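Visitor: Listed below, chain by chain, are the residues.
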Amino acid sequence: MSECIVVTSGKGGVGKTTCSANLGVALAMQGVTVAVVDADIGLRNLDVILGLENRIVYDLVHVIEGECRLKQALIRDKRAEGLYLLPAAQTRDKNSVTPAQMRDLVAELKKEFDYVLVDCPAGIEQGFKNAVAGADRAIIVTTPEVSAIRDADRIIGMVEAAELPEPHLIINRYRSKMVRRGDMMNKEDILEILAIPLLGIVPDHEDIIISANRGVPVVFDESSVVGEAFRRIGRRINGEPNVPELDFSEGNGVWGTMKRWMGFGAVYGVAS
Amino acid sequence: MTELFNKILNRRESSKEDAKQRLKVLLIHDQVDLTPAQLDAMQDEITAVIQKYVEIDRDNSVVRLERGDDRIALISSVPVRRVIERALPA
Chain L
2 MSECIVVTSG
12 KGGVGKTTCS
22 ANLGVALAMQ
32 GVTVAVVDAD
42 IGLRNLDVIL
52 GLENRIVYDL
62 VHVIEGECRL
72 KQALIRDKRA
82 EGLYLLPAAQ
92 TRDKNSVTPA
102 QMRDLVAELK
112 KEFDYVLVDC
122 PAGIEQGFKN
132 AVAGADRAII
142 VTTPEVSAIR
152 DADRIIGMVE
162 AAELPEPHLI
172 INRYRSKMVR
182 RGDMMNKEDI
192 LEILAIPLLG
202 IVPDHEDIII
212 SANRGVPVVF
222 DESSVVGEAF
232 RRIGRRINGE
242 PNVPELDFSE
252 GNGVWGTMKR
262 WMGFGAVYGV
272 AS
Chain H
678 MTELFNKILN
688 RRESSKEDAK
698 QRLKVLLIHD
708 QVDLTPAQLD
718 AMQDEITAVI
728 QKYVEIDRDN
738 SVVRLERGDD
748 RIALISSVPV
758 RRVIERALPA
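Protein sequence lines correspond, in order, to chains L and H. Heads up: the first sequence begins at 2 in this note's numbering, then just goes up one per residue. Heads up: the second sequence begins at 678 in this note's numbering, then just goes up one per residue.
So that you can see chain H by itself, here it is in the shape it has in the complex (with noise of 0.2 Å):
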């Protein structure tokens, strides 16, 4: 509602969503030890042999870490375009 609001008055966004997200990347990468640029790293070494594979949508793939009641997991998103043809070993 409060949203629908603000798209009449043309306000601009609310903060607080942001605040948010920022946190929850903060926090993940406070307990992992690990920098946004470690993950972006990881991101497209993972990606790198996804490829080897199949043919994926690059631009919407996301790979990020997650926190969930006791754990972090590592949620990933990698949409497939095609299974590349190879020759399966004999």
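Okay, chain L solo, but in the shape it has when bound (with noise of 0.2 Å):
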């Protein structure tokens, strides 16, 4: 059965549309076949996000007024095995679609598609309204910021208003070392508050930026710990919740290279 999962945050910033390219091919990579849709419209960036901004002819937009066939919308990425992505339009505004034609766009997904990853625009309106309206269920992206935090939990209220089930939460930006000083938010802190489940924590690091720049999600370098958590959130995702969480603590320092040069296999290692 497919499903059709929002990937949502209320705050802009926190990396919903890095989290929505990385799942996209997470999924992919277990052999499942994803349609991303980028539901900002007016500001689509899901497609520079997986380096196939050159190969966009129409979009969404153009779909749902049908002046295309769904299928020709569709871009197929060549690196990723049953990956598509559905792009934004860029030079119209939110209004032009409804929730119901949202709904009957996703509809059409899910009879192709095995999952339906719908990146959200940030905010509460109508792009909001648009991008839960076909959905299954919603992932909450959030950092470990007062800000992001704070909208978040907003959200989470909006996400079942909408009548969805509860959702579960990404911890996006993560610094173990500003954790471990004090200086931010830890897991425990951010659950206790937000008392949702927990489907993965990511790691702050300057591979995401790398990625981004290349236009090749981080997920593709096997070596990435950035790339291991979202392979792990996929893999939750796809029907292995306990999948365990990584322990990213010693990626780096002295300790971590020492764990390296001593032979503890991946760079990464697994949460006790």
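Calculated directly from the structure, the hints in this document are not laboratory data. There's no promise every hint is true.
What the hints assert, rightly or not - Now the stretches of chain L that chain H is said to cover, found in silico as 3 or more residues with beta-carbon under 8 Å:
# : stretch
1 : 33-39
2 : 105-116
Unchecked claim - Quick list of the computed label-pair ranges, beta carbon to beta carbon:
#  : chain 1 : residue 1 : chain 2 : residue 2 : range
3  : H       : Ser754    : L       : Arg155    : 45 to 53 Å
4  : L       : Ala196    : H       : Val739    : 18 to 26 Å
5  : H       : Gln715    : L       : Arg155    : 16 to 24 Å
6  : H       : Val757    : L       : Asp248    : 44 to 52 Å
7  : L       : Ala101    : H       : Arg735    : 56 to 64 Å
8  : L       : Pro242    : H       : Ile723    : 43 to 51 Å
9  : L       : Leu44     : H       : Asn737    : 14 to 22 Å
10 : H       : Leu711    : L       : Arg77     : 22 to 30 Å
11 : H       : Gln715    : L       : Glu4      : 51 to 59 Å
12 : H       : Ile761    : L       : Arg138    : 54 to 62 Å
13 : L       : Asp184    : H       : Gln715    : 26 to 34 Å
14 : L       : Asp248    : H       : Asp721    : 43 to 51 Å
To be verified - Listed next, the in silico DMTMM-like pairs over lysine to aspartate or glutamate satisfying Cα-Cα at most 20 Å (straight line):
#  : chain 1 : residue 1 : chain 2 : residue 2
15 : H       : Lys701    : L       : Glu146
16 : H       : Lys693    : L       : Glu164
17 : L       : Lys178    : L       : Glu146
18 : H       : Lys701    : L       : Glu193
19 : L       : Lys188    : H       : Glu722
20 : H       : Lys693    : L       : Glu146
21 : L       : Lys178    : H       : Glu690
22 : L       : Lys12     : H       : Asp707
23 : H       : Lys693    : L       : Asp222
24 : L       : Lys178    : H       : Asp707
25 : H       : Lys697    : L       : Glu241
26 : H       : Lys697    : L       : Glu164
27 : H       : Lys693    : L       : Glu193
28 : L       : Lys178    : H       : Asp734
29 : H       : Lys701    : L       : Asp205
30 : L       : Lys188    : H       : Asp717
31 : H       : Lys693    : L       : Asp137
32 : H       : Lys693    : L       : Asp184
Since we're looking at a predicted model, the values are computed, not measured. Glycine included, every Cβ here is placed at the ideal spot set by N, Cα and C.
Grab the two chains, each in its own frame, and use the hints to assemble them into the complex.
Guide: Take a look at the structure:
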């Protein structure tokens, strides 16, 4: 049975699009078919993060307005078997689409794909309403900051109001060093406040910026700790909820380097 | 343990507790749509009512909203100095 998951956050700039792109790839890597949908009409970016921006001919609004068939607008990602992107329109605004139209579009996509991932725009207005319209469940992305968590709390309420099941949380841009010295809220602090189940933690890492520069999602990089974090989240989404959390606390620094020398395998380990 | 180290090294207090406390207050106010000033006013009025019956330690009184699992509760801790003696109703 196929499923539509909306990736949302309330606040902008917390990494929704990065999460959508990487989770789309992570799922496809497991052999399922995935359509990632950019619902941020007017400010499309998912194409850029995926490195597919040069291949756009038609977009979501063209499909909805009947100017092309759905299949014509879907861009196949040649690097990940089974992954397709439906880009947003760049020159239109959020009001070009209604929640009912989005529901129909998602229903069409669900006939063809195992997963439909919708990258929701920031904010709580029309764009959010469109993005959640066809969703079966939601993933909330936040960072360990007061403003992002506040907005996440607001969005959790709105997801519940939209009668979706309890959403799951991704904590993005986690900085273990700062957490250790008490200058960043840790996993437990955030879960205590937001009180929804954790889907995964993504460490703050320069790999993210490098991969965005190149248009190659970091999840393709087998040696990247961030890539591994996304691969594990992908597995948790796709029927393996108990995949252990990464321990990225010693990814760098003296101890991490020693561990690598001593042959503890990968750069990253498994949290105890 | 970290706190102990911080004390030994005389380091500043960690900022994450500030973040957490501010967030907790913020989320309650977002939900009940009550400003801190309104909460203060409420606290003043509540203590004024209590003071009609008992003598209280105002400096150590707390009235605040707290989030539980699925509801917000008004938590108050008002130390009583002594019961004000007054005539019982006939």
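Visitor: Can you let me know if the beta-carbon spacing of Ser754/H and Arg155/L is within 45 to 53 Å?
Guide: For Ser754/H and Arg155/L the Cβ distance comes to about 29 Å; the hint is violated.
Visitor: Is 44 to 52 Å a correct range for the gap between the Cβ atoms of Val757/H and Asp248/L?
Guide: Distance hint for Val757/H, Asp248/L holds at roughly 50 Å.
Visitor: Assess, step by step, whether the Cα of Lys693/H is no farther than 20 Å from the Cα of Glu193/L, and give holds or violated.
Guide: Cα-Cα ~14 Å, so holds.
Visitor: Range hint 22 to 30 Å: satisfied by the CB atoms of Leu711/H and Arg77/L?
Guide: 52 Å Cβ-Cβ, so the 22 to 30 Å window is violated.
Visitor: Regarding the pair Lys693/H and Asp184/L, is the alpha-carbon distance no greater than 20 Å?
Guide: With Cα atoms ~5 Å apart, Lys693/H and Asp184/L stay inside 20 Å; holds.
Visitor: Regarding Leu44/L and Asn737/H, is the given constraint of 14 to 22 Å on their beta-carbon distance met?
Guide: Because 52 Å falls outside the window, the suggested range is violated.
Visitor: Look at the Cβ atoms of Ala196/L and Val739/H and judge whether their distance stays inside 18 to 26 Å.
Guide: holds (24 Å)
Visitor: CB of Pro242/L to CB of Ile723/H, is that within 43 to 51 Å?
Guide: Taking Cβ atoms as reference, Pro242/L and Ile723/H lie about 46 Å apart, which means the hint holds.
Visitor: Holds or violated: Lys178/L and Glu690/H, Cα atoms, limit 20 Å.
Guide: holds (16 Å)
Visitor: Are the Cα atoms of Lys701/H and Glu146/L separated by 20 Å or less?
Guide: holds (13 Å)
Visitor: Given the hint of 54 to 62 Å, is the C-beta distance from Ile761/H to Arg138/L inside that range or not?
Guide: holds (57 Å)
Visitor: Quick check: does the Cβ-Cβ distance between Gln715/H and Arg155/L fall within 16 to 24 Å?
Guide: Taking Cβ atoms as reference, Gln715/H and Arg155/L lie about 20 Å apart, which means the hint holds.
In the structure shown, a violation is registered for the earlier hints numbered 1, 2, 3, 9, 10, 11, 16, 19, 23, 24, 25, 26, 28, 29, 30 and 31, in ascending order.
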